[in-house]
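Using the sequences provided together with the hints, build the complete structure.
Residue numbers (this note's numbering), protein chains in the order written: chain D, 1 to 245; chain P, 1 to 259.
Hints are not guaranteed to be accurate.
[To be verified] Pairs of lysine-lysine, DSSO-like flavour, derived with a Cα cap of 27 Å:
no., chain 1, residue 1, chain 2, residue 2
1, D, K72, P, K37
2, P, K38, D, K72
3, P, K95, P, K189
4, P, K6, D, K11
5, D, K42, D, K11
6, D, K42, P, K38
Just so you know, the hints here were simulated from the structure itself, not pulled from any lab data.
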Amino acid sequence: MVDVHKAFGDKEVLTGFTLSIPEGQTTSVIGGSGSGKSVMLKHIVGLLRPDQGEVWVDGENVSRLDQESLYKLRRDVGYVFQFSALFDSMTIEENVGMGLMRLGDHSHEEVRDRVMECLRLVDLDGYDKRLPSELSGGQRKRAGLARAIATQPKYILYDEPTTGLDPVTTAVIDELIIRMADELSVTALVITHNMTSAFRVSDRIAMLYDGGIRQEGTPEEIRESEDPVVKGFIEGRPELMESVP
Amino acid sequence: MDAILKPVRAVGRGAVSGVTALGRAGYLGVDAVHALKKGSLWVPHLPAQMARVGVESVPIALFIAMFTGIVLALQASYTFTGTVPLYFVGTLVGKTMVLELGPVLTGLALSGRVGANIAAELGTMRVTEQIDALETLAYDPVAYLVVPKILAGIIMFPMVVILANGVGIVSGWITSMALLDMSSQEFVKGLRLFFLPFDVRFAVIKSASFGLTVTAVGCAFGFHTRGGAEGVGRATTRAVVISSMIILVLDAFWAMVLL
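The following block contains the structure:
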């Protein structure tokens with residue numbers, strides 16, 4: 001993402017946001033609530049278009065793609081939504097199979113086999129006939145992850161995958177993110193404000209602050225940062241952040 | 001000074017938001033026309049939508065039509081007695097049901113049932129990011145969600161209205177025989193007196209336009225919902241109010257253009 005600006009009315013959310021995501025690694029973007037992390041993520045799949053700047057994925061400028069090219073690009077991207085965004089009138093099997101059905105080159109049996117494989121991968125085998133409303137928050141997150149990986153994407157975008165979960169379920173989701181990266185060799189971008197998760201799953205961490213990247217580095221570099229904004233955020237000390245003009 | 005500027009600002013904001021909503025609805029309309037090419041996305045959902053929009057609306061439409069027919073017969077008899085031959089009750093019931101009350105009352109009732117349902121469904125999908133999820137799975141949400149609903153409205157509203165017209169006329173007929181001392185032959189004589197096949201075509205055109213209005217307005221407000229549960233409630237209310245108003249405007253428009 002190069003010099004991306006995005007505003008909603010008078011509220012400027014991204015003001016010159018620039019970030020590269022290394023191939024084959026897991027990058028986390030941390031930042032406070034309302035700092036624009038989800039807005040940034042939605043630019044990558046073209047759900048939002050920048051007011052200014054460019055978003056490049058696989059050599060394609062996403063902000064300039066027409067609708068059909070955008071849909072083609074999205075087939076390589078799995079998106080795990082903050083609140084799962086499962087289709088509430090469909091079973092888990094139908095939810096997870098949606099992306100594969102859209103590809104159109106799989107028989108019903110192949111789709112079903114792949115769905116079962118994905119549900120096994122996220123430890124949800126046996127839940128295929130349930131409705132989303134019959135699952136717990138953590139199970140819904142895992143079902144959302146199964147849906148995102150069903151089409152074997154090259155990239156997975158996680159929008160606050162552990163928000164609202166208890167510490168044990170958070171650890172389970174973190175393990176899944178690590179497992180996806182290891183077993184499927186995907187490039188992952190994780191949006192989170194949970195520092196334990198960020199340090200656990202990331203190869204690189206970037207902090208979004210005031211519409212741009214405040215600092216970027218390995219988890220060790222971020223942990224040892226002397227920047228008062230970064231330090232204040234990861235240590236939960238607002239007084240450090242407030243001291244910055 | 002601020003006291004003067006405040007209402008001006010409020011009017012300005014209202015105007016800007018109205019024009020923005022109109023622009024969004026226009027874009028959605030253009031997208032829906034383009035999405036017609038993607039038959040693989042909307043064709044499988046059309047029968048289910050036709051059932052939801054049409055078949056499930058039949059009971060309420062017939063209920064309204066039945067009582068409208070009864071009241072029309074009684075009021076016509078009240079007005080005509082002593083001045084106009086009573087067989088004109090059949091004329092009035094038939095003409096009024098087919099040309100006006102059948103389409104308009106059904107349209108208004110279905111704007112509450114169908115329009116609100118569509119706006120609430122799409123609004124909930126929008127605020128829970130299900131529409132974004134469809135996009136990320138490479139589904140065009142306009143083709144997948146909007147097109148089958150609008151087509152179902154255009155196809156099914158005329159069918160429901162024709163049924164409602166039939167029930168309204170029959171209930172007026174039965175009322176005339178049971179309560180007004182009219183014979184069946186008299187009612188039918190009046191019914192056939194000024195009947196024109198064009199009347200049915202007029203009702204079909206009008207109700208198809210109402211079907212388009214109710215579903216398209218419901219889709220437009222639902223699709224662009226913002227702000228959680230409160231936003232869904234607001235979108236639903238607006239969809240019903242705006243589509244009801246457009247139905248009344250269209251009613252006058254078709255009368256001026258086609259009659």
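Hint check:
no. : hint            : result
1   : K72/D to K37/P  : holds, 17 Å
2   : K38/P to K72/D  : holds, 15 Å
3   : K95/P to K189/P : holds, 13 Å
4   : K6/P to K11/D   : holds, 22 Å
5   : K42/D to K11/D  : holds, 17 Å
6   : K42/D to K38/P  : holds, 25 Å
Checked against the numbered hints listed earlier, the structure breaks none of them; every hint is satisfied.
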